[in-house]
Amino acid sequence: MDLLYKIFIDPFVQMGTSPDLLVQTLWEGLVAGVLYALIALGFVLIFKASGVFNFAQGIMVVFAALTFVGLYQVLRGWGVSPGDVAAYCALALTILVMLGLAYGVERLVLKPLVNQPDIILFMATFGLTYFLIGVGELVFGGSPKTMVIEDLHLPRGAVEFKIFGGFVSLQKIDIAATVIASLMVAALAVFFQKTRIGRALRAVADSHKAALSVGISLEQIWVIVWFAAGIVALATGIRWGAKSEVSFALQIIALKALPVLILGGFTSIPGAIVGGIIIGVGEKIGEFYWGPLLGSGIESWLAYVIALVFLLFRPQGLFGERIIERI
Amino acid sequence: MFYREVGQYKTNYVADQAVFPILQDRIGLGVILLIAFVVIPLTGDDFLLNAVMIPFLIFSLAAMGLNILTGYTGLLSLGTGAFMGVGAFACYKLTTIFPNVNILIWVICSGFFSAAVGALFGLPSLRIKGFYLAVATLAAQFFLDWCFIRIPWLYNYNASGAIQVPQRMLFDIPITGPTATAMTRYYVVLTIVVAMTWVASNLVRGRIGRMWMAIRDMDIAAELIGIRPLPTKLTSFAVSSFYCGVAGALLVFLWYGGAEADVFNVNQSFLILFMVIIGGLGSLLGSYLGAALIFILPIVLRMLPPALGLEIRSVTVEHLTFVIIGVRIIVFLISEPHGLARLWQVTKQKLRVWPFPY
Numbered sequence: 074m075d076l077l078y079k080i081f082i083d084p085f086v087q088m089g090t091s092p093d094l095l096v097q098t099l100w101e102g103l104v105a106g107v108l109y110a111l112i113a114l115g116f117v118l119i120f121k122a123s124g125v126f127n128f129a130q131g132i133m134v135v136f137a138a139l140t141f142v143g144l145y146q147v148l149r150g151w152g153v154s155p156g157d158v159a160a161y162c163a164l165a166l167t168i169l170v171m172l173g174l175a176y177g178v179e180r181l182v183l184k185p186l187v188n189q190p191d192i193i194l195f196m197a198t199f200g201l202t203y204f205l206i207g208v209g210e211l212v213f214g215g216s217p218k219t220m221v222i223e224d225l226h227l228p229r230g231a232v233e234f235k236i237f238g239g240f241v242s243l244q245k246i247d248i249a250a251t252v253i254a255s256l257m258v259a260a261l262a263v264f265f266q267k268t269r270i271g272r273a274l275r276a277v278a279d280s281h282k283a284a285l286s287v288g289i290s291l292e293q294i295w296v297i298v299w300f301a302a303g304i305v306a307l308a309t310g311i312r313w314g315a316k317s318e319v320s321f322a323l324q325i326i327a328l329k330a331l332p333v334l335i336l337g338g339f340t341s342i343p344g345a346i347v348g349g350i351i352i353g354v355g356e357k358i359g360e361f362y363w364g365p366l367l368g369s370g371i372e373s374w375l376a377y378v379i380a381l382v383f384l385l386f387r388p389q390g391l392f393g394e395r396i397i398e399r400i
Numbered sequence: 120m121f122y123r124e125v126g127q128y129k130t131n132y133v134a135d136q137a138v139f140p141i142l143q144d145r146i147g148l149g150v151i152l153l154i155a156f157v158v159i160p161l162t163g164d165d166f167l168l169n170a171v172m173i174p175f176l177i178f179s180l181a182a183m184g185l186n187i188l189t190g191y192t193g194l195l196s197l198g199t200g201a202f203m204g205v206g207a208f209a210c211y212k213l214t215t216i217f218p219n220v221n222i223l224i225w226v227i228c229s230g231f232f233s234a235a236v237g238a239l240f241g242l243p244s245l246r247i248k249g250f251y252l253a254v255a256t257l258a259a260q261f262f263l264d265w266c267f268i269r270i271p272w273l274y275n276y277n278a279s280g281a282i283q284v285p286q287r288m289l290f291d292i293p294i295t296g297p298t299a300t301a302m303t304r305y306y307v308v309l310t311i312v313v314a315m316t317w318v319a320s321n322l323v324r325g326r327i328g329r330m331w332m333a334i335r336d337m338d339i340a341a342e343l344i345g346i347r348p349l350p351t352k353l354t355s356f357a358v359s360s361f362y363c364g365v366a367g368a369l370l371v372f373l374w375y376g377g378a379e380a381d382v383f384n385v386n387q388s389f390l391i392l393f394m395v396i397i398g399g400l401g402s403l404l405g406s407y408l409g410a411a412l413i414f415i416l417p418i419v420l421r422m423l424p425p426a427l428g429l430e431i432r433s434v435t436v437e438h439l440t441f442v443i444i445g446v447r448i449i450v451f452l453i454s455e456p457h458g459l460a461r462l463w464q465v466t467k468q469k470l471r472v473w474p475f476p477y
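Going down the list, the sequences are from chains A and B. If you're matching positions, the first sequence starts at 74 in our numbering and goes up one per residue. If you're matching positions, the second sequence starts at 120 in our numbering and goes up one per residue.
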């Protein structure tokens, strides 16, 4: 009985008695969720337009952030001043590097592997992951780096709100990140739905062959999506780096994007966002209220279990396209 | 010319259904077994046995396990490392609770624990497929990883959280623990791996294996011809996890001599998956070739710069190894997406018609 009480009643009593803690936990979940959603967004972009399950998205985030910080340091070393000029130059150069990466991936990895089964393309992105880890460590060294915060004029500090008799503190950078993420998703949605290239992307996603036959260049489309995913990766990297530091550990966090994906559906941009938030909030709430019962650290697998339970009821995810089996 | 089955007539069904119906294959297998059982122990030093051959064989076994699931049944799994961990921890618990029972019995028994866990996590496979299933198996990976760390009962409440392999005897010769020589451990691993390969090769060409392959090729069609999907998928999960579990137990007991939960993390799962894909999906030989390529090549790469007289810092070598592994995976996939096993088949076909091109 005691155990049942602890599982089913006590957490809700706690939520009721100290709502400020609940709001704080929800906010933290939301913040974590936005990060997952951003990584998932990169996955979705590439999956939608080429059917490739891009395992390298996590390392692309690290790579983009490392390149940015590395270039910034180089520019400062050359005496580029003031700092914000160097920071924005580095940002522009990093975007160029991501374009180069997209182009290289299309040329060297995707093009020779056109028309192969999904799992082969999936494995190729594994190869890309290893390659990027190696190159990143060779060029920038394996030690964690601090993100450039002041020179990019990212907001710092915290805002405190008084609610329900307690107070909730929100980091300004988190608020900024949430706003930027929403803007980015809105921009991507408009891009996909309204522009010419967006229509071409959707055509490619439906059928490579049919798209080719109406004159859409697969190569161009793939460079564009990988570039878009690269920019999303850069934004994610800056946002993550500002919170902790830029290191290869982020790669494991990127795996958290997978339950987000299956929750939201592999092909849905809103799905990635909603899934990310559900996973982030669910994880934090679970860890905070039920974690002590099981011993801490349940965060590491709770997301997957939430996703698994969802899958049993909706195998295609929340917003995924219905899977129709044909013989 | 060297590989021609002309003139090898079969006069009964037994001969026709043999695992190796061609004489050259039988000779080749005999030579390989001879090298493995006699030549390598006689000529190899401790480094070769301990750092190359033992782990190579163990990883081959694990790759074979995953190949049964991914290659033969078409179910993608990213939880191999955790299933290996279940085997290792089960073996550790069993041998510390019942120290007098022969360790080899516990190594095999630990496979059954792993099989049970594997079948449990295989349950969602009826409803979900492909990458969705891969993520579901990731749930198994992270959950079991967490169990290995957070349940102190599994490592007998010792302070370090690691398992230490006690010394166990077979015919009064120590085969596990610090006093066991590389040679004895090599023989034990080799015998188990060869025996389990033999079982697997008979399994995949029998009724069960054909059911697996039917499910892989098209599950709905397989269902229509009377193959029940759930039992088939679950047996595949169970057999696959059994192999992985035994491999995990061998890994800790006969190679590392002690391990933490960290050994069985998600990277281990990925490593085994590489071996299967690079080696060739749906081929037992491919499991060996993939394990050789993924495991032995980095060792060679690490030894190469000193051998050439180049002075490169070991950290740089480590990073270069990453780059090279990455490039190699991509190059292999581009040049031969069906893996090394297909390369071997192509070679055999070439040998068959040699010296003519067709």
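Note that these hints are calculated values from the structure, not bench results. Values in this document were obtained by computation on a predicted structure and should not be read as measured data. Some hints here could point you the wrong way.
SDA-like, lysine to any residue: derived pairs with alpha carbons at most 25 Å apart [to be verified]:
#1 A:218 x B:454
#2 B:248 x A:218
#3 A:121 x A:187
#4 B:467 x B:454
Pair hint outcome, residue 467 of chain B versus residue 454 of chain B [Cα-Cα no greater than 25 Å]: Holds, at about 18 Å.
Straight-line alpha-carbon gap residue 248 of chain B to residue 218 of chain A, limit 25 Å: violated, 39 Å
Given hint residue 454 of chain B paired with residue 218 of chain A - CA-CA distance at most 25 Å: violated, 38 Å
Restraint check for residue 121 of chain A with residue 187 of chain A, where alpha carbons must lie at most 25 Å apart: holds, 16 Å
Checked against the numbered hints above, the structure breaks hints 1, 2 and satisfies the rest.
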